[in-house]
Amino acid sequence: MVPTYFNEMYHDGSARPPYRHLENWTADMPAELRSLKQAEAEALFRRIGITFAVYGEGGDPDRLIPFDMFPRVFTNAEWTKMERGIKQRARALNAFLVDIYGRGEIVRSGRIPARLVYQNEAYEKAVAGFVPPRGVYSHIVGIDIVRTGPEDFFVLEDNCRTPSGVSYMLENREIMMRMFPALFRENRIQPVDRYPELLRRTLASVAPAKCNSEPTVVILTPGHFNSAYYEHSFLADLMGVELVEGQDLFVEGEFVWMRTTEGPKKVDVIYRRIDDAYIDPLCFRPDSMLGVPGLMDVYRSGGVSICSAPGAGVADDKAIYTFVPEMIRFYLGETPILQNVPTWQCGKSDDLKYVLDHLGELVVKEVHGSGGYGMLVGPKSSKDQIASFAERVRADPGNYIAQPTLALSTVPTFVNEGIAPRHVDLRPYCLVGERVELVPGGLTRVALTEGSLVVNSSQGGGVKDTWVLAE
Amino acid sequence: MLSRTADNLYWITRYMERAETMARLLDVGSRMSLLPSTGEGYLSEWDSLLQASGTAEGFDKKYGEPVQRNIESYFFFDRDNPSSIASCIGSARENARIVRGALTTQVWDALNGAFQEMRALERKPRSEVDLSYITDWTMRHSALLRGAIDGTQLRKDGWDFLNLGYYLERADNTARLLDVKYYVLLPGVEFVGSGRDNYQWTTLLRAMSAHRAFHWAYGGEVTARKIADFMILNGASPRSLRSSVEGMTDHLDRLARGYGRSSAAQSKARSLLAEVAELTVADIFDEGLHEFLTRFIREVAALGALVHEVYLSGDQR
Numbered sequence: 037m038v039p040t041y042f043n044e045m046y047h048d049g050s051a052r053p054p055y056r057h058l059e060n061w062t063a064d065m066p067a068e069l070r071s072l073k074q075a076e077a078e079a080l081f082r083r084i085g086i087t088f089a090v091y092g093e094g095g096d097p098d099r100l101i102p103f104d105m106f107p108r109v110f111t112n113a114e115w116t117k118m119e120r121g122i123k124q125r126a127r128a129l130n131a132f133l134v135d136i137y138g139r140g141e142i143v144r145s146g147r148i149p150a151r152l153v154y155q156n157e158a159y160e161k162a163v164a165g166f167v168p169p170r171g172v173y174s175h176i177v178g179i180d181i182v183r184t185g186p187e188d189f190f191v192l193e194d195n196c197r198t199p200s201g202v203s204y205m206l207e208n209r210e211i212m213m214r215m216f217p218a219l220f221r222e223n224r225i226q227p228v229d230r231y232p233e234l235l236r237r238t239l240a241s242v243a244p245a246k247c248n249s250e251p252t253v254v255i256l257t258p259g260h261f262n263s264a265y266y267e268h269s270f271l272a273d274l275m276g277v278e279l280v281e282g283q284d285l286f287v288e289g290e291f292v293w294m295r296t297t298e299g300p301k302k303v304d305v306i307y308r309r310i311d312d313a314y315i316d317p318l319c320f321r322p323d324s325m326l327g328v329p330g331l332m333d334v335y336r337s338g339g340v341s342i343c344s345a346p347g348a349g350v351a352d353d354k355a356i357y358t359f360v361p362e363m364i365r366f367y368l369g370e371t372p373i374l375q376n377v378p379t380w381q382c383g384k385s386d387d388l389k390y391v392l393d394h395l396g397e398l399v400v401k402e403v404h405g406s407g408g409y410g411m412l413v414g415p416k417s418s419k420d421q422i423a424s425f426a427e428r429v430r431a432d433p434g435n436y437i438a439q440p441t442l443a444l445s446t447v448p449t450f451v452n453e454g455i456a457p458r459h460v461d462l463r464p465y466c467l468v469g470e471r472v473e474l475v476p477g478g479l480t481r482v483a484l485t486e487g488s489l490v491v492n493s494s495q496g497g498g499v500k501d502t503w504v505l506a507e
Numbered sequence: 087m088l089s090r091t092a093d094n095l096y097w098i099t100r101y102m103e104r105a106e107t108m109a110r111l112l113d114v115g116s117r118m119s120l121l122p123s124t125g126e127g128y129l130s131e132w133d134s135l136l137q138a139s140g141t142a143e144g145f146d147k148k149y150g151e152p153v154q155r156n157i158e159s160y161f162f163f164d165r166d167n168p169s170s171i172a173s174c175i176g177s178a179r180e181n182a183r184i185v186r187g188a189l190t191t192q193v194w195d196a197l198n199g200a201f202q203e204m205r206a207l208e209r210k211p212r213s214e215v216d217l218s219y220i221t222d223w224t225m226r227h228s229a230l231l232r233g234a235i236d237g238t239q240l241r242k243d244g245w246d247f248l249n250l251g252y253y254l255e256r257a258d259n260t261a262r263l264l265d266v267k268y269y270v271l272l273p274g275v276e277f278v279g280s281g282r283d284n285y286q287w288t289t290l291l292r293a294m295s296a297h298r299a300f301h302w303a304y305g306g307e308v309t310a311r312k313i314a315d316f317m318i319l320n321g322a323s324p325r326s327l328r329s330s331v332e333g334m335t336d337h338l339d340r341l342a343r344g345y346g347r348s349s350a351a352q353s354k355a356r357s358l359l360a361e362v363a364e365l366t367v368a369d370i371f372d373e374g375l376h377e378f379l380t381r382f383i384r385e386v387a388a389l390g391a392l393v394h395e396v397y398l399s400g401d402q403r
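In order, the protein sequences belong to chains A and B.
Here my numbering is used: the first residue of the first sequence is 37, the next is one more, and so on.
Here my numbering is used: the first residue of the second sequence is 87, the next is one more, and so on.
These are calculated hints, taken from the structure and not from any lab test.
Quick caveat: nothing in here was measured; it's all calculated off a predicted structure.
None of the hints are false.
Chain A residues, not near chain B, derived (Cβ > 12 Å throughout):
| hint | residue |
| --- | --- |
| 1 | P66 |
| 2 | E68 |
| 3 | I101 |
| 4 | E141 |
| 5 | G146 |
| 6 | E187 |
| 7 | R309 |
| 8 | D323 |
| 9 | L392 |
For lysine-lysine, the following DSBU-like pairs were computed, each having C-alpha atoms within a straight-line distance of at most 30 Å:
| hint | chain 1 | residue 1 | chain 2 | residue 2 |
| --- | --- | --- | --- | --- |
| 10 | A | K73 | B | K210 |
| 11 | A | K301 | B | K242 |
| 12 | A | K416 | A | K354 |
| 13 | B | K242 | A | K302 |
| 14 | A | K384 | A | K161 |
| 15 | A | K246 | A | K161 |
| 16 | A | K354 | A | K419 |
We put the CB at the ideal spot given by N, CA and C, even for glycine.
Full structure from sequences and hints, please.
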């Protein structure tokens, strides 16, 4: 079976309206200019210092994520629908989190099995009964969306903890504007550069009860060896807030303080880019050097806000994912605007049987996995790979889910031979605080290898600038 | 400002100043090695340099015989040597990467540019990289960074910490270079005042990029006393101990004013400056040059410890 893929630029033999200007752009660009521009882009990225270290691979620590200059374009109408769907989902996910750390109505009503919630690894007993400011657990929701047809958008997964990549959304745009200003005159492209300001406002809007002045916001990073360190320092810089490590903070009295050259300064909101387990060695992993001892006590007594709130991870679990449309109906009384990908839970015996019988057609993922690791793409795998993966699934079925191999849409991409379609996905970043906001754009990831459906940067994926056209 | 940020800024410039000193030492070595050898059982010039830089032991373990080519590798390229130019530039750039947001684009470019060029140099065959090129290269990048800091950084506390790093490291390095000349390079008292002695003093001046300035300021014969005056007491000499201590005092004063509180580091710097300002060459030679320098290096280290305690550790309440 040769699946047909939706090409976002060329459909039914001609360029779709949002891509029309790009047809001339590429036609007018000689190959030498293209390689010149590509080199210029790389030099710019290197100069900015935006690099990406891949976990456990060794090699060049200053590796760049490949940037493809061919933009991905959405019409205003396409975006408006997606935006409504994303905001709806972000609201429902937060309502779910408040509920499960409170009365658990959705579980009591039998809509979600108690086991999936309360025995979930990401469920933090330490925050049961606590309602964070404005009832927000996940302040930055990254929702991965794939497209399979002109009107068909599916949510692949939700990221409620600390989705990364937003610095690429911003830098890709900067670099495109710098290299191809003419494109921005011909196309009416909505700007994305308000993101840092909106993020700061979102974070300040969830200041804790005990904060009675302009809140001090900081970003908490695991440190400069982390692969996303560039992004942490980039966001801190654009928001004008301090980038702190655990060692820079300490707890005294009812508050959290940072060590400055002028003595201690109170911290009100912590946008943390470290996992729950490392936040507070007194509460979670005692061996962690990254966190701040006593932080959780201050948090629970309203002395500091932590974004995303500890415990938010339950909502983006791949087993919980299946129930998000149910959450939207249950909490919001609305019909889901974005669809879920049909998902088989290997923990259920009927589903497991189906999955094992159809491994060659399915994508199988670990429930808690991320970054494209520990997954099987059936149609792209050898018999041996499928057989050995089947063993792993049988050994621990509850740890796996399966989805059909989606016919991910393609966007033209610069490759060695010229321009060719490559598969893409999209991660927009929804901000939830006093308001629910979204800048018109996101991070488009592209699988650079011909035929590949894996877009993760750790697996050789690249990125593109993402345009949303004005009306 | 976060204490850790101040700490990173301070180490950027300390490392870069140290890289420059290593380049100066290499330069001294290459000039001295052009001098015809005299006497028996005389230490090779290169060995003296190892002693000077405080890295003799590490070198001996790795390379053994101090021949020029190995010394070049060890001083410039060797990442196992924490004081090598490559190590210093790598550390300075890493410190800068951590506090990228506290630096201007020009400062980051100067550091990152040096780092990227250095990686290109590392890939070149050694035979194509000659000594005078790498010493010039290092001094040029050091100057670029200093210029970028001076021309673009906001005159806030971050600028003071950057400058404190420079002056503190420079005070220490100048004292060590002088001490080396007197204590290590000179094989015995019988050489004092000999042609070789004078040649070595001149070479030292060259290494400090100061031999012309020296002649303008003093003229005539190069003597140990004049040199000591120039490198220790002369406030017009940019690398003198007095200038370095003055620099530290200025920036500690600025910090105290900006933060609205005086500090122990500030008092310490002021008393050190008062001492250097009142000292004469006769006092120094009465105490003994080596003894004076040893004491001075200790004082500077104590000042460094105070800066750390007051501003960089974050323990201040």
